[in-house]
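**Student:** What follows is the residue order along each chain.
There are 6 protein chains.
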Amino acid sequence: MSELSISWWRQLEEIIDRALDEDLCLGDATTEALIPPQLQGRASFLVKAEGVLAGMGVAAAVFRRLDPSLKVDAFMPDGARVKPGDVVGSVSGAVASILSVERTALNFLQRLSGIATQTALFVEAVAGTRARIVDTRKTAPGLRLLDKYAVRMGGGHNHRFNLGDGILIKDNHLAAMRRTGVGLGEAVRRARSRVRHSIKIQVEVTSPEQVLEAVEAGADAILLDNMSVDDMRRAVGLGGGRALLEASGGINLQTVRAAAETGVDLISAGSLTHSVKALDISLELEV
Amino acid sequence: MSELSISWWRQLEEIIDRALDEDLCLGDATTEALIPPQLQGRASFLVKAEGVLAGMGVAAAVFRRLDPSLKVDAFMPDGARVKPGDVVGSVSGAVASILSVERTALNFLQRLSGIATQTALFVEAVAGTRARIVDTRKTAPGLRLLDKYAVRMGGGHNHRFNLGDGILIKDNHLAAMRRTGVGLGEAVRRARSRVRHSIKIQVEVTSPEQVLEAVEAGADAILLDNMSVDDMRRAVGLGGGRALLEASGGINLQTVRAAAETGVDLISAGSLTHSVKALDISLELEV
Amino acid sequence: MSELSISWWRQLEEIIDRALDEDLCLGDATTEALIPPQLQGRASFLVKAEGVLAGMGVAAAVFRRLDPSLKVDAFMPDGARVKPGDVVGSVSGAVASILSVERTALNFLQRLSGIATQTALFVEAVAGTRARIVDTRKTAPGLRLLDKYAVRMGGGHNHRFNLGDGILIKDNHLAAMRRTGVGLGEAVRRARSRVRHSIKIQVEVTSPEQVLEAVEAGADAILLDNMSVDDMRRAVGLGGGRALLEASGGINLQTVRAAAETGVDLISAGSLTHSVKALDISLELEV
Amino acid sequence: MSELSISWWRQLEEIIDRALDEDLCLGDATTEALIPPQLQGRASFLVKAEGVLAGMGVAAAVFRRLDPSLKVDAFMPDGARVKPGDVVGSVSGAVASILSVERTALNFLQRLSGIATQTALFVEAVAGTRARIVDTRKTAPGLRLLDKYAVRMGGGHNHRFNLGDGILIKDNHLAAMRRTGVGLGEAVRRARSRVRHSIKIQVEVTSPEQVLEAVEAGADAILLDNMSVDDMRRAVGLGGGRALLEASGGINLQTVRAAAETGVDLISAGSLTHSVKALDISLELEV
Amino acid sequence: MSELSISWWRQLEEIIDRALDEDLCLGDATTEALIPPQLQGRASFLVKAEGVLAGMGVAAAVFRRLDPSLKVDAFMPDGARVKPGDVVGSVSGAVASILSVERTALNFLQRLSGIATQTALFVEAVAGTRARIVDTRKTAPGLRLLDKYAVRMGGGHNHRFNLGDGILIKDNHLAAMRRTGVGLGEAVRRARSRVRHSIKIQVEVTSPEQVLEAVEAGADAILLDNMSVDDMRRAVGLGGGRALLEASGGINLQTVRAAAETGVDLISAGSLTHSVKALDISLELEV
Amino acid sequence: MSELSISWWRQLEEIIDRALDEDLCLGDATTEALIPPQLQGRASFLVKAEGVLAGMGVAAAVFRRLDPSLKVDAFMPDGARVKPGDVVGSVSGAVASILSVERTALNFLQRLSGIATQTALFVEAVAGTRARIVDTRKTAPGLRLLDKYAVRMGGGHNHRFNLGDGILIKDNHLAAMRRTGVGLGEAVRRARSRVRHSIKIQVEVTSPEQVLEAVEAGADAILLDNMSVDDMRRAVGLGGGRALLEASGGINLQTVRAAAETGVDLISAGSLTHSVKALDISLELEV
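Residue numbers (numbering that gives the first Met the number 0), protein chains in the order written: chain A, 0 to 286; chain B, 0 to 286; chain C, 0 to 286; chain D, 0 to 286; chain E, 0 to 286; chain F, 0 to 286.
For the record, the hints were derived by calculation from the structure and aren't laboratory data.
Don't take each hint at face value.
Note: identical chains are not told apart, hence a pair may lie in one copy or across any two.
Straight-line C-alpha distance at most 27 Å; calculated DSSO-like pairs for lysine-lysine [to be verified]: (1) K276 with K82; (2) K47 with K276; (3) K82 with K70; (4) K47 with K82; (5) K47 with K169.
With the hints as extra help, turn the sequences into a complete structure.
**Tutor:** Structure (structure tokens):
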């Protein structure tokens, strides 16, 4: 099920509307002045770099949101590997409409494909280990839904969507609680007793020893913050199988394999979404 | 005037609201379960990499949008150069509020500072030439206002904000018009006669020779698309002083200096906003 | 922490705005025609039936949303037991403002107190057992946040807030999957592998035997649908301690104790929010 | 004309959108994980209690708002009497869409049918008298349009929709005016001279004698607040035929007949909408 | 009570927000480039034509909506007669803010004062008669609330605010009903039996004879469409005192007195709001 | 290209929605009570005065926004000259829908045609000169997009759409800058260096001599404020051909020809949009 499900499209439409309004709030002065409304044409999405495609369905929706009479075809599904020269889709209909939406559609497609591409590199790097690559909440403001979708298209998994659909007791929470005399284990127990039963309790630890404390307090998952590979391995030895273990903090393409080989269940990387390199894709009008 | 003027804040508030809603639509389960509402504290913005700061005012607004009783101080203005270890601001008040907003505020601050940092590198690279570094419309959907603000903080200038506040006749427009027998010069003349007098006419050319045609048709500015340095120099010789000349297409930090030395007025780079590397800044809760 | 946390107030403001707009979209013709704007006064919230209070903070917010100069005092906290004759709060300021908001504020307060009152009866009925009383998604459209808040004020706990913050594989899901040859255990396993690690997997079963299948497939929680007390007891024997067990379906004040004594962890009742009896509270203007 | 007219649907769409967003803001995790998007099916609305149907058109709109390709058929019109076992409609199309909307659609249908059912009991109780059963503004915040529609489907009539489309001078208005030396009659006269001519003037009285004062001041309608049956009868003798008389305050199914037999024109009951018992209707997926 | 009551301000804020967004969606490029943010100043509202003031409170709200630190003083209340040279108010604070809002604030003030001025001429023309001058629904789209407020400030009264707060059976309704065999009297009776009791029934007639039919069917008010003065007089003779009579259709300042002297209760004129001449008021910055 | 382009329709839909909500927020009580929903019919747009048509496409969109099943035909394009008796379009479908939208649609059509009609008179008055008639920002709040569209339909041209898509340094800006010691020429130079290169710099002058100063500072356009015809002629002599010259201030149909004959490029008139006389057009239901 590689595409956004129907229940997500309501949110997506709002994101698309904002993007179109941002670019077209004063109309498209150039196109209005020069392009006859009745002129029909066709344009192709041309890939110019290697990567993983994500956002063709979104790009199609952007075109059709402005002009429902446009016809958009995707030749490759989201999640597909692409290389320079690939034509991954086309849009046909009123040339004026195509030109007015081109930039907005590409802005989505290039960003999402960039995220999927980078995620796929992480996923490949850990191939054969038990580790899932997961994202963070370090997404572009207003685009979390899509940024996280692109991570899935690159083969990654999602972490929490927001502050309400999971418990993650972080260092700053623990620091604040220590001031009131509450330690890690007690924090986990309080969370367990107070939050709804449908969500899991995760807690951040900085040493392998804390893993035991967390597990015994009933944590469902544990975030190993900025640990050395050795410490991760010890943490796995102490808590593996009793709670999900997530390696986090400064992990990059060079270090991710070693982390994965420690036996952690999850590896999260903020850079997947906060430092995105757009995948080069252009729209070529056929003449 | 380094900060966003008051007339932009209405747009900014909407952007902030969306970001907060995205993260807090189901509340902050962890903080609600664990942090006493009355607990007061203070946190510092700590820079961990070299760069140019942008977005402190925005981050402050994010905190205060959720909880107006928070006090946010910026110790350095947007546009300032920062280095690892710099504490650029602080927020104090209810710890629960600080923790609920932390991630959202940092997502803005890190992205904007990343843009400003990259822009500043381009600006430095062309120091002493007449060239202005300008951005494009290749911004993150929904964040154009802020992405372009960050470019200014890095010493760059803005190009069009949207498709309605400037005329830019691009290759795809010209291709479409050719099918109806209209050439570059006629396109410029038509735009001139049809659009309101308050905005300028810019046209994209691919050869130095077209610069002359564009100038004679009355273009106010000309985009030199993917030209070699030699061609840029010839274009400057033909059109310089009669229209603004903008170098565009695949220009990076390695090539920007040579482009600037041809005498062009403007150099645009999509990567300033479409391929952003977040600047590493964290929030440290004091205990 | 009996009140809505600050991160929920953004959602609450929208709910309040809609309610005020619904009643005041054409102004308040009576008050505008008759009450001098400068007339000051005070009104008291008078309880006329026994119950549990919920919504004083919301009612206060409603008044202050229309007229921030109104002063609202709550004399009793949400969650407090009240009886006829109790004065639980007051509002003072412009009489015109008080009269224009009175009905809207009471509509919130009476509904929420009604929910809390009914919930408290269920909670008392199971006192001494391990069972938590939990709500459902059978809330008034648009008011889920508040309906669920009122359940907490009555001593109950919340179940999922929406279809995205927990997995509950219900009879209709299982029926649909059976058509593709997938059984209960496989359904649980698929959910586990596909959803983010931060949320739990719950599955609905109709016989004690299925409890074992669910537990073995790795379900975190199991909903016992419309089981007899005997079957619930067997289910607890088979799955208790290995997964959370929730009794559900047609449980009322008469039957809830027996269900709780079987040892289930959770008992859910849709009637808490879909069949609410408003608690009688009025606003008395002092003259 | 039993259904909501086209001019109301704009408001209804907003209500539906809020309800869908409330439940689907994070998608439908269970359905996305388990139900193949292409799986087609059919589900029936099954009534499980006696009552009056209301909201089938609304429920249909909810399904089609998420997925316009769903086909929804109503087998019985709103306002029809239903009994356990009745199948009142069906929905067919993508099973995933049906399951994602099921709860939201039923929340509307059950509440509205509950209101219609209760209203019908009041209407039957006064059969043969001149009294109309009318609702109040004691509706669930945000749902007034629909709550009042359901009252009509149960055979009742609507009172004011909001504070701007009718004048009702209540006890609190009169109390406030007395402090400035203005009595009931003068209040009516002031309202008459100040408000637009298209709306009627109604005033609340507590004794039969005030009915005369109100009529003489030109009141179009009079609310008899919490009067005994004897007082109502005297009120009818004094003011009947000269103004519409409305009995109000604590009237229930036991007392409504006696009130109606006094000859009043209208009887209002807040409980119709503030204390709703959902009508039990379920959606059965066919397999 | 000459100002907009507090219950209308919610609607007004939306109108103001739209107007500000319309002018400031891309910021104020001139002011941002040239005016130092810290520069303080003061500007005066200078009247340049004779008329009636309306909208000072609105203009003040516009200024303060952009910049709450601006201080706005009204020297004359809405409804006051003004003449060239009158200074009716001032605004002081940041010059940049004043300049960014100036045009938007004046657009409101000039339009509303124009409406009030024209209305006052009609009101004066009928002085001494029983006729009220009333407006219509022929207002500028989106500005009805304010257009109707201005009519009141000019001494006029309001007709219906929208299609839901009063019944007006117009020629087109009657024409449509005739096709189904329903006449004027029956139309009135149907309306009476079907609509809520809080609103009045008005019907349009084209001959004095129909007045009798309408009165006998129970119409509360009657619109005399495009009648000659003689026919109006006959209509008053037939229906005066039994229903409100409203003269309507092509009545202007030259003809309004004669219409009023026939004894009608109301005279409506669409031109009050559909053909507005802005009152000349400027903002003078003091230097 | 006489109609609103597709990129403007997003804005237009919002304007239409507001207008429909304004009139139909409580439904259409008269139509709902009296007109059978299934009754079909047809109505014609009948012109009753001489003028220029504008807004037929908008009116059609209004009808179809409420009821997409309505069929609307325009017999004449926007911009066409019309005279009494012309039938310019028709709408057919459900009579109830037609009657519910009639007034809202006409409010748009009458205003826009009024603006186009008045603009055309100015345009004719300057026929044969080089002067373009341009509008101002003195539009009805919330309707700028449409007001300016109507100006184009009348043969006029648009000035700035808002404060962000052009630079116009006005008297108040210059006055403020003088206080900080900055003169006209320096103001122009500062604007040039600070604003994006895609928009032009215009400055307001009050004497012919300042025209030279402005031109030398690099102004692209100059607004001649309230100049006598002699001064305009001198201004043209000094600055014509080097910058666009715009006559502005109190120019009416009597004086516009003389202004145009001085050789100015542009003549602006606020009255085109701030003092509109609706063109009389009605909707006649066929029976």
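**Student:** Confirm or reject each hint.
**Tutor:** Hints versus structure:
Both within a single protomer and between protomers do K276 and K82 lie at most 27 Å apart by alpha-carbon distance, with minima of 16 Å and 24 Å respectively. In this assembly of identical chains, the alpha carbons of K47 and K276 lie at most 27 Å apart whether taken from the same copy (13 Å) or from different copies (21 Å). For the identical chains of this complex, K82 and K70 are intra-copy neighbours only, at 24 Å inside a copy versus 42 Å across copies, given an alpha-carbon limit of 27 Å. Taking CA atoms no more than 27 Å apart as the test, K47 paired with K82 passes inside one copy only; the shortest distance there is 7 Å, against 36 Å between copies.
In this assembly of identical chains, K47 and K169 lie within 27 Å of each other by CA distance solely across copies; the values are 19 Å between and 41 Å within a copy.
Comparing the model with each earlier hint shows no violations; every hint is respected.
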